[in-house]
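Q: Just need the whole structure built from these sequences, with the hints factored in.
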Amino acid sequence: MIRRIWLLVTCFTLVAVLAACAAPVPPTAAPNTEGQPAEAATQAPAADPGRLTVLCTPQEDWCVALTQAFQAETGIQTNYVRLSSGESVARLRAGKDNPEFDVWFGGPMDGYEVAKTEGLIEPYVSPNAAAVKDTLKDKDGYWTGVYVGAFGFCSNKEVLSSLGLDVPDSWDDLLDPKLKGQIAMAHPATSGTAFTALWTIATLQGGDIDKAFEYYKKLNNNILQYTKTGSAPGPMAGRGEIAIALIFSHDCVKFQKEGMTSLVTSFPAEGTGYEIGGVGIVKGTQNLEASKKWIDWVLTGKVQEIAATVNSFQLPTVPDAAVPPEAVKLDTLNLVDYDFIASAAAKKGITERFDAEIAPAPKE
Amino acid sequence: MKTNTTSLGNLSLHSISKVFEQGSNKVRAVDNVSLDIQGGEFITFLGPSGCGKTTTLRLIAGFELPSSGNLILDDKDIADSPPNQRPMAMVFQSYALFPHLNVFENVAYGLHLKKMSGDEIREAVEMVLHMMNLTGLGKRSPSQLSGGQQQRVALARAMVMKPKVLLFDEPLSNLDAKLRIQMRVEIRRLQQRLGITSIYVTHDQVEAMSLSDRIVVMNKGRIEQVGTPVEIFLRPASLFVADFIGRANFIEVTVLERKEDVCRVKAFADDYWVPCSPLVQMGKQAYLMIRPEMMNLQPEANSSAQIRTTIYLGSSVEYEVDYNGDNLMVVDTHPHFETILEEGSPVAVSFDPIASYVLPYEERQIPA
Amino acid sequence: MVSGSINRRLNEFRRIGADWTLVSGLLLVVVFLGVGIVYPLFKMLGVSFTAEALSYYVRYFSSPVYLGILWNTVKLGLTVGLLGTVLGFLFAYVQVRVDVPFKRFMHLMALMPIISPPFAVATSAIVLFGRGGLITYKLLGFRYNIYGFTGLTAVLTLSLFTVAYMNLQGMLRALDPSLDEAATNLGASKWDVFRTVTIPMLIPGIASSFLLLFVEAIADLANPLVLGGDFTVLASRVYIAISGEYDIFAGSVLSVILLVPSLTVFIVQRYWVSRKSVISVTGKPSGKPTLITNPFIRWGLFGLAMFFSLLILLIYGTVLVGAFTELFGINYALTLRHFQFVLFGLGSQAMLDTSKMSLIATPIAGVLGMLIAWLVVRKNFSGRGLIDFISMLGIALPGTVLGIGYLLAFNRPLKIDNTILLPALAGGNAIAGGTIALILAYVVRSVPAGVRAGVASLQQIDPSIEEASISLGADSATTFRKITLPLIRPAFLTGLVYSFARSMTSLSAVIFLSTPYAKIMTAQILNEVDAGRFGNAFAYCDILILLVLLVIGFLYLVVGTTTGVERDFGVSL
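Residue numbers (my numbering), protein chains in the order written: chain A, 1 to 364; chain B, 1 to 368; chain C, 1 to 573.
Calculated directly from the structure, the hints in this document are not laboratory data. The reader is advised that the hints may include incorrect statements.
To spell it out: a stretch of chain B is covered by chain C in this simulated footprint if at least three of its residues, at any positions, have a beta carbon under 8 Å from a beta carbon of chain C; those stretches are [stated by the list, open to error]:
id: 1; region: 84-91
id: 2; region: 94-106
id: 3; region: 110-120
Result set (PhoX-like, lysine-lysine): computed pairs, CA atoms no more than 20 Å apart in a straight line [said to hold, decoys possible]:
id: 4; chain 1: B; residue 1: Lys139; chain 2: C; residue 2: Lys482
id: 5; chain 1: B; residue 1: Lys115; chain 2: B; residue 2: Lys162
id: 6; chain 1: A; residue 1: Lys96; chain 2: C; residue 2: Lys415
id: 7; chain 1: B; residue 1: Lys114; chain 2: C; residue 2: Lys482
Taking CB as the label site, the calculated pair distances span [unchecked claim]:
id: 8; chain 1: A; residue 1: Thr261; chain 2: C; residue 2: Leu310; range: 26 to 34 Å
id: 9; chain 1: C; residue 1: Leu386; chain 2: B; residue 2: Asn133; range: 45 to 53 Å
id: 10; chain 1: A; residue 1: Glu270; chain 2: C; residue 2: Leu421; range: 53 to 61 Å
id: 11; chain 1: C; residue 1: Leu54; chain 2: A; residue 2: Asp140; range: 55 to 63 Å
id: 12; chain 1: B; residue 1: His112; chain 2: C; residue 2: Leu310; range: 50 to 58 Å
id: 13; chain 1: C; residue 1: Leu386; chain 2: A; residue 2: Asp140; range: 53 to 61 Å
id: 14; chain 1: C; residue 1: Leu550; chain 2: A; residue 2: Lys96; range: 38 to 46 Å
id: 15; chain 1: C; residue 1: Leu310; chain 2: B; residue 2: Phe20; range: 53 to 61 Å
id: 16; chain 1: A; residue 1: Gly119; chain 2: C; residue 2: Gln459; range: 22 to 30 Å
id: 17; chain 1: B; residue 1: Phe20; chain 2: C; residue 2: Thr196; range: 37 to 45 Å
id: 18; chain 1: B; residue 1: Tyr312; chain 2: C; residue 2: Asn185; range: 33 to 41 Å
id: 19; chain 1: B; residue 1: Pro278; chain 2: C; residue 2: Gly383; range: 20 to 28 Å
Cβ atoms here follow ideal geometry from the backbone N, Cα and C, with glycine treated the same way.
A: The following block contains the structure:
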């Protein structure tokens, strides 16, 4: 009996040791490469192409497809963690002195502007960035746009018809008392999507934050739940749990494609917001060369075309990438004048106020 | 005669005390106990529960640490040495056999720790099992043995270690009456054969009497008396001892006269010369202790004493006698048809002074 | 007297010092508790009482919204505590006192939630009973809103009632049937016996079940995140504060606010209610209890218990089927792609990382649990009660509180004058990719169950058995190894089983600690559920349950038979 216990302990120890050996070993702490000439890194032996950890904000399957393709093409061992935009900024902030990520990919530009102001990302102007329109990238090179998407309403037409409502085409349609508990959006603290919605509304109120909050307050009465991830309300609508999800339109199309056939996309006539999904290098990365390689790589046409293969139908930002037919036609939409520099500056205040006044508030 | 190869086993306790703290409460479980034990001696600690006898034993074994005092084994102070390094072995009340090991493994356990070779161990274990009438039971697990057999395994396990001191913590209290007597004899026989110093704890005075060279009577953490069974029984040092060992009648008397070790006292309307304690003084109050077996009853029509109850026990008859309002306990150890007295019959009371004792007066605090 | 007391202490230290096992064992335990619990807790408390944090208290306690959240938390705890205890009592009573078929099945269903990840019930409930739910909408045709207080309460009750069930079942079994017989003999009817004997005897058990459920319910993070709707509780606020804003002040202050009711209730349970117990759970029953024979009561109780058993079966059935379904609720085509993702896709990293870390944590927690139990029950030293208490904090502290403590304590190296005392243990750049902090968190969360099982087991073993070994010349280490450990084998096994299950399924304590190199399966499930990829979530749940069952099976095989263990299994505190 004693022997059996020792056999067990031995077994466990063995498994544990094996597991520990097999566990990925992160880069050993090296002196901070900040300010070090880029050439130093290139002198690394060619046999070891290095490694890369991507902080990835779009849909998870896109993250998978991209990192796998990048690793296959470059030999750089590539890993990712998917976090929503707000969470990403929080995570970068937490690891500011000792970053665990090398690049940040995807998510609205407001987040990148916040990261830029807080010194969480560092500038890199990729040679490929020249092909990207000036309006789609940071003038100082901190971030570059990799996709564009428009904000929209993602409705379940069956639920809407059972409520006796039409597909919404105005922000005011969302305030219909019949929609009580029938709308979902993400929480702006964690999600960039949700913040895009808030800022769009604020812009439509002429930038009057107080008036915007009056709207949020009314909207809050119809909200069922604030989710963690921006696109999460989509499947809720798809399963018929709510009537309308406030998400990016390309996510809605994705869910439609993937079987949630009751979904229908619409846009508010007063004007809608949009996002420029960015990419940028995390300040203080240990893998600067690999990070630059990643940015050059995602700014190529064939890479931007990968998105459509995993049903992510955002608009590409480089001209040689084919525009998927499912992608939104921006010129048919009434887009608000989305000032992402102002939005980034106001982000903390709006989020905190929303978090304190709106999200936890009881419904009327 | 002695087969053990180890040396003497002289054990001395010097002013040993043990204080337990329970929150702010302090309990003196052992209070300034001093005692010299000779090598090969069989000593019994006797007393009511909570008197400190078990604690004293555990102090000797090393399971408890004395709050003060010294413990000398063959000229070496062992008060600080851990229990596993003391040349002692203990037999527990609950036997404490290792339930996951068989009989052989139980007995061999301590020998393995001594790093003895397999052959040596086998030989030693077989021998002790044989000695304890356990031959052939080596493969059994403890749960397959009777109570008596388990007790013998526990004894064998301690004995095989050839300790300098054997410690017994009420080892027979879980056995039925007959087995207890049988084991008592066996323990005494073995101890005498091996000549190992033995310290035995019990609350059973018969057990103590039958086993011990000397008995240590303890009460409230202190030693009341140390002596041979005969001394303890016939010459108790205190009311407590007199009452705890056997039964006794106590009669308040005045010492009329004292000549060396005997005193004259008046009891049952007569004067008697009775052995008396050195502390008894002439003219002072004292207690006359009379064992019920040492009292005699004679039918006497005019006597004011009369039998209150008669209990026939076969080998003896116990009487409760009303003597001027006091209760006396009398035992007739040779009852016949003709001599058994009926309840209510008047009797004359007398006693055997040589087997009685006069104790100094003290506030009576005798357990009922 | 003073010098006597000092002398006694000196003696004690001298004695402890002479016993190197005790010294090293004690040292190990003290270091473990110090690093794993005390230091992070103080770090968190330190932050929550800085001047900057104090303004948060003012803000929270003057805001009706936050007072509402506090009330929500308490309300949730009270309701789940009450309902969970009632449900646990129903199952326990049917199991012990009612003569009905399928008891074994009901027993297994009641145990199911222990080995399942925190999202299984919630996700299943959404697709079965939500607005578009298979049962509520597709079958019964109404749109039930499962998000919010009622849905959350129902799901939490079903997920947590096992604690009450195990607790009360043990007590009911230990209840001496001769008491019932005595009462009946004195003229009491069955109902009188139930009312005047059974219930009063069980009151300490009922109270302690209620309090334990309260603590678990208010600490739960997973379900409020998925099912909360507009019903916000403290735990999910803590999560938003850290994950969404990395506001450590808000996180710490909210944690302290959450800590107060948890710790109070825990202390009441542990040091007051459990002392009132009049039943020794370990006692052998002295006869067979009389079973309920009245057909109405018998079949009524059976019907109720069966209803809930089938509900649990349905929920876990959905978890199983959902993993093979293309899009549960919309498209029921069979697919293996979810398993493909979890087992071979990039989702497999979370599964492998979590399994590895749990496998490392399990034996450490098992041995530490037994060691602490042994020190607490058998060894006499000052501070014994404190060690017992601190080790229990591992489970009494809400997971998010522990998580924030770890984040604050281990994200940076502990330095004094530029000398690194402790390197960074958490975060992607910590040594071993942050796995050490995660493993430590797993061990800390698992140890209490092992300690409880070990203490219960040791208290049944006559201490003189160990003294006999010492008296025969064995030192403490040999005695622990050769005598104690084999004798408390069932408790050791319980500790191992529980700690593996606990590690694999824990979320709240580790969600802030996951790194790119150490991904956590439950956090991944949260992502899948949140993003609406229920198929992947179900597949993760299935794999997780399967892994836990496999390891439990392996443990039974190696450590021992099912005797006794099955009874112990699930004894949580």
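Q: Take the hints in turn and mark each one as holding or not.
A: Verification of the supplied hints:
With 5 residues having a Cβ less than 8 Å from any Cβ of chain C, the region 84-91 of chain B passes the three-residue criterion, so the hint holds. Residue count for the region 94-106 of chain B with a Cβ under 8 Å from a Cβ of chain C: 6. That meets the three needed, and the coverage hint holds. For the region 110-120 of chain B, the assignment as covered by chain C holds, since 3 residues bring a beta-carbon within under 8 Å of that chain's beta-carbons and 3 suffice. The hinted pair formed by Lys139/B and Lys482/C meets the criterion: a straight-line CA distance of about 19 Å does not exceed 20 Å.
For the hint pairing Lys115/B with Lys162/B, the CA-to-CA distance comes to about 15 Å; that is within 20 Å, so the pair holds. For the hint linking Lys96/A to Lys415/C, the alpha-carbon distance of about 18 Å falls within 20 Å, and the restraint holds. Between Lys114/B and Lys482/C the CA atoms are separated by roughly 15 Å; this keeps the pair inside 20 Å, and the hint holds. The given range of 26 to 34 Å is respected by Thr261/A and Leu310/C, whose C-beta atoms sit roughly 32 Å from each other.
Hint check: Leu386/C to Asn133/B, Cβ distance near 50 Å, so the stated range 45 to 53 Å holds. Taking the beta carbon of each, Glu270/A and Leu421/C are about 59 Å apart, inside 53 to 61 Å as hinted. At roughly 38 Å, the beta carbons of Leu54/C and Asp140/A sit outside the given window of 55 to 63 Å. Our hint of 50 to 58 Å for His112/B and Leu310/C holds, since their Cβ atoms are close to 56 Å apart.
The hinted range of 53 to 61 Å is satisfied by Leu386/C and Asp140/A, whose Cβ atoms lie roughly 57 Å apart. Here the CB-CB span from Leu550/C to Lys96/A is close to 41 Å, well matched to the stated 38 to 46 Å. For the pair Leu310/C and Phe20/B, the beta carbons lie near 57 Å from each other, so the given range of 53 to 61 Å is met. Range check, Gly119/A to Gln459/C: about 58 Å between beta-carbon atoms, so the 22 to 30 Å window is missed.
The hinted window of 37 to 45 Å between Phe20/B and Thr196/C holds, with their beta carbons roughly 40 Å apart. Look at Tyr312/B against Asn185/C: about 36 Å separates their beta carbons, and that is inside 33 to 41 Å. At roughly 51 Å, the beta carbons of Pro278/B and Gly383/C sit outside the given window of 20 to 28 Å.
When the structure is compared with the earlier hints, violations turn up for hints 11, 16 and 19 and for no others.
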